[in-house]
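Undergrad: Chains as they are written, first to last, in this note's numbering: chain A, 1 to 439; chain B, 1 to 728.
Hints were generated in silico from the structure; no laboratory data involved.
Please note that the accuracy of each hint is not assured.
What the hints assert, rightly or not - List of simulated lysine-lysine pairs, BS3-like, C-alpha gap at most 27 Å:
#1 B:317 <-> A:11
#2 A:72 <-> B:254
#3 B:254 <-> A:307
#4 A:371 <-> A:142
#5 B:317 <-> A:339
#6 A:307 <-> A:174
Bear in mind that the values here come from a model prediction, so they are computed numbers and not experimental data.
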Amino acid sequence: MKLNKKSSFKKWGLLCIAGAAAFFIAACGAEGGSGSKLIVMEDEADREVYLFSPMEKTEANVENVARSAADKTIMMAEEKLGVSVRYVTYTAENYQDKTYDDVALDRARSDMDDIYLLNPDTIRTLAEEEKLQDLSGLESAKNLRDVVLAANVVDGKLVAIPQEVVAYGLFINKEMFDQYNLTLPETPEDFLECCRVFQENGIKTPVGANRWWLETFVLAQAYADLYNGGNTEAEIAALNSGEKKYSDYMRPGFEFLQEMIDKGYIDAQKAYVSEAIEGEREDFLAQKTPIVMAYWGAANAETAYGKTDFEMLVIGFPSSRGQMPVMPMTGLGIGAGAKNGEDAMAVLDVMISDEALQIYAETNRVISPSKNVEVECVPALKPLNDRIQENVYVLGANAGMHVEQWGNTCLIVRELLNGATVDECMEMFDQLQEEALKK
Amino acid sequence: MSKKQNESKKDHNISLLVSIILVFFILGIIVFATSKKITTQMAASATQNLHESLDLIECTIEVILNKEAEYQRRMAQGIASLENPEAYVLHYEKSETMVKLGLIRSGEKEGVCSTGEVFTEEELDFSAGGTIDGLPVSRSYVNHMGTWAYCIKCPMIKDEQEIGTLYVEYIYDTFDKSLPNGFYNQQAMLYIMDAESERFVLKPKGMGERNAGHLNLTDFYRANDIQEPELREEVEDCLKKHRNIMFYHDIRNKDSLNYMWAVNGGTLYLIGYVPIEAIQQEGRTVNQNILFVVIVMLTAFFLCCGLYYLNQRQQIKLRREREAEREISNRRLAEALQAAQIASNSKTTFLSNMSHDIRTPMNAVLGFTTLLSRDADNPEKVREYTKKIMASGQHLLSLINDILDVSKIESGKVVLNVEEFTVNDLVSSVDAIIRPMAEARSQKFLVEVTGIRHEYLLGDETRINQILINLLSNAVKYTQEGGTIWFRMTGLTQRSDQFERIRIEVQDNGYGMTKEYLETIFDAFTRAENSTTNKVQGTGLGMAITKSIIELMGGTIDVFSEVDQGSLFRVELEFRIPEVHTEPVKESGPSEESVQDLTGLHFLAAEDNEINVEILQEILAFENAGCEIVENGRLAVERFERAKKGEFDAILMDVQMPVMNGYDATRAIRALDREDARTIPIIAMTANAFAEDEKEALDAGMNVHLAKPIDIELLKQVITQYTKHTEE
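With these hints in hand, go ahead and build the complete structure from the sequences.
TA: Structure (structure tokens):
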């Protein structure tokens, strides 16, 4: 027993001496303790990749889930590759400012950055100008779903890859629908009837809108049959050859929008000057507006509609084939003249790897572009997700169509909001088709 | 005294504790004050550092702007001197800094642009009146490259006449390289804001977090929750007055120092914040180190206190152990002393008693011997006197036997002689001795034997007899005349098949004993009453001998007694049950029937003591027998060797003799080459009276052992028996 105590004392004593010695060595060995008067600073040559992306107007202490999801994949790339990804952001202050798409085009054309987050129309535009690199050589590109490839291949080149398959839908206040005994609208007629009931019950403008996303109504009605009728390729070929006119497809949607505007279901003037989400979010959250339109991720982000005081559901846009999700493909492209092109390619390869997309999809609860990544969506998105799982949707952008759809339709819808007639709008489509046929 | 000492010790401990607490309190205050002072100084220093850093950045940007303006002046001058300034502009290729040139001739609204487009001033806003080095600078805008830019316009003078204006577009991205890469370890946020539009036109790379407000001042306020109207008002006022300001405000739950630093006279502002923990990192590190040192010192102090306390405790424990040991030792010594005193007292008492008890019969012997010499002629008196002398001698003998017994038991030399015996015989023999004694005192003696399963048992019958006679004779002695004595032997439940458990009870209704005496009844040399005052005579050793023998047999003895009520002695013994009962060989011991006259017999006696010789000669002469005396064993052997066959009828052999003792002499005689050497009876007559002595005598070849003093009747019996045997 005594022996043990002695041994224990010895152990503790040795430990204390060892600890003191370690402190002494650490203190003497610390920087600045060498006595040298010369301090040589190494110039750190950082490998940097510039990423141009939009930035939402932030709110205090609110986590931007979508941004966090992307950040995680970028940090993964930084860690794996030893590069630093520099964020370059642009956000339009108001409708008078240059749009994000305009700035993205300018920056890509001026080779300002390496990676760009691009909307479908800018992808198409820049791809046609050969300002984007072919990404088909990336290892991670092999995992992409067919629908993603179809939307992003221009002239045989994969020019952009998304981190999520963006699906647009109608965000509805289910409780208000129940309050007025309204069933969820399937067709344009159903939708108009719902709006009528809401209006009669004192809701002056049942649909909250902005200047960016009203084209989803038009596209849903325009291409519901084209994408779900079983003759898609032939119909697109007919459009590209001029046998069929885009305006014929677009007219019902525009007329529908016009009727909505005429009946006051949409405030065209307000929509014309409103930024996405910003213009309609407040009224929707306050339950003054029962219907808005937005993308999938908005249902997860607190900065958008991720936290409501009521039961919210996301459904497809009304069409002749029922509720119709509209899926444009935003994507990450690499500038043809990117100064750090090689590193940018490596970064993008990591960002769209299955491992990164799994993290992205889990964080943001979205449909992944990878065939190998599946996550469950939030309950509000179930109706929209069910339609997508049934392969019922309309592509918001299709690289196979010679007339770019997403951006052009958006711009022409803005003209409608600004007072142009449906016929004038159809003429604009015809003109675009003619220009495309001339190329 | 002890209480006072304890109180004094307690007071001392409390004052020591208070002193220690006071010292620590003062130490704590000093450490806290030092730490606070360091924190304050470091905070001031950190704020000053931030101030200087911002001044440095401001100066850097202003130098860039001024250099740009200066260069643009020279460029305007150079272009003005050209014959075709427009051609120069149109062929200009953008540089990293100057990304676009425009030229408008004086008096015209449109001009040429380096991008090939028509250049007008309409898209540029110089209304704010900002200047750089005296040249007007436009409000910031997003240019054709999709980045934030500003335009400086400079008049082109030729021959002292203004021929036009040169517009040069600069991008804010060029500042990026001149600004610090990482500010406060990338924890700080730094933007450049166009003061007029309040738009953030540059976020230098490596600055700040990725999810803060980037758009404009309003977005910055919203993102960082800077919503207090008074604060906002003060900040706006400072911005209008182009003053540098800093203010504390939480940014994303971190206490931060916000700054707005005017650049170029307030056309641009450095906007941002730095967490307090980042700018006060050094102060915090110093305080952490102080805290660490204090904790280490406190730990060391408490460790020393702990070790000291442990050591003290160990010392106290050792001291207490030593004191306890000393106390035990003292107590033992005291007990030993007391025991020695008791023993000494007991022995003194014993000696006193013995002196009395020996002197009493001795007095009788000597007294009656005197009377005998005086009345020698009176046969009647002679017989009476010799009878009394004989009785006194017997008493002396029993006294000596008891003393020897005690001495032997105490020295552990007693060996039990285990043999087969019967309970009946035992009870009968005891009854035969005690009953006459009891009857002599008119006492009733009741014997009861019950429940004993086996008649034959193995044990030392002599010693059991001794126990019973001791107890019963005491009962007779200490019971008044006419009293009753009970003797009970009861068989108890057997613990084993091989042993019989017997309870022996001796009860009387006699004088009884006091409680005090009961405590010492079994001690040697004690007696119920001092023999000088008691009519009952005894050695006072009987109970000690009894208890010792019982314990030697593995039994127990208990005593219950009350004064004038009587006593009960209860003995429990276990006796082995013999596996096979063997009929005892009937010993041809001496019997009264065989006692014959010794007339005509002739003995050889070896005896060195003259008185004993004389006594023996007289006794034998009285019996008409002859006797030849030799002084030692050797002479006895030699004499027998020389003797004719049948010359001696027996040899009476003392044991302790000079030259050769009785045992050796017997062995020598038995070893002689004579026919009668092995048959002649040799009778040991010795004062060595113990059983072992008897055994040794028999082992040496003697026929029988008689203890001195010689009982003449017994001697006659033995001689008669052995001489008769020899004849047969």
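Undergrad: All hints are to be evaluated individually against the structure, with a verdict given for each.
TA: Going down the list of hints, with the structure as the test:
Only pairs whose Cα atoms come within 27 Å are accepted, and residue 317 of chain B paired with residue 11 of chain A is accepted, the gap being roughly 25 Å. Distance hint between residue 72 of chain A and residue 254 of chain B is fulfilled; the C-alpha atoms sit about 23 Å from each other, no more than 27 Å. At roughly 25 Å between alpha-carbon atoms, residue 254 of chain B and residue 307 of chain A fall within 27 Å of each other, so this suggested pair holds. Proposed proximity of residue 371 of chain A and residue 142 of chain A is supported: the alpha carbons are some 9 Å apart, at most 27 Å.
At most 27 Å may separate the alpha-carbon atoms for a hinted pair to count; residue 317 of chain B and residue 339 of chain A exceed this at roughly 83 Å. Among the hinted pairs, residue 307 of chain A with residue 174 of chain A is consistent with the structure: their alpha-carbon atoms are about 14 Å apart, no more than 27 Å.
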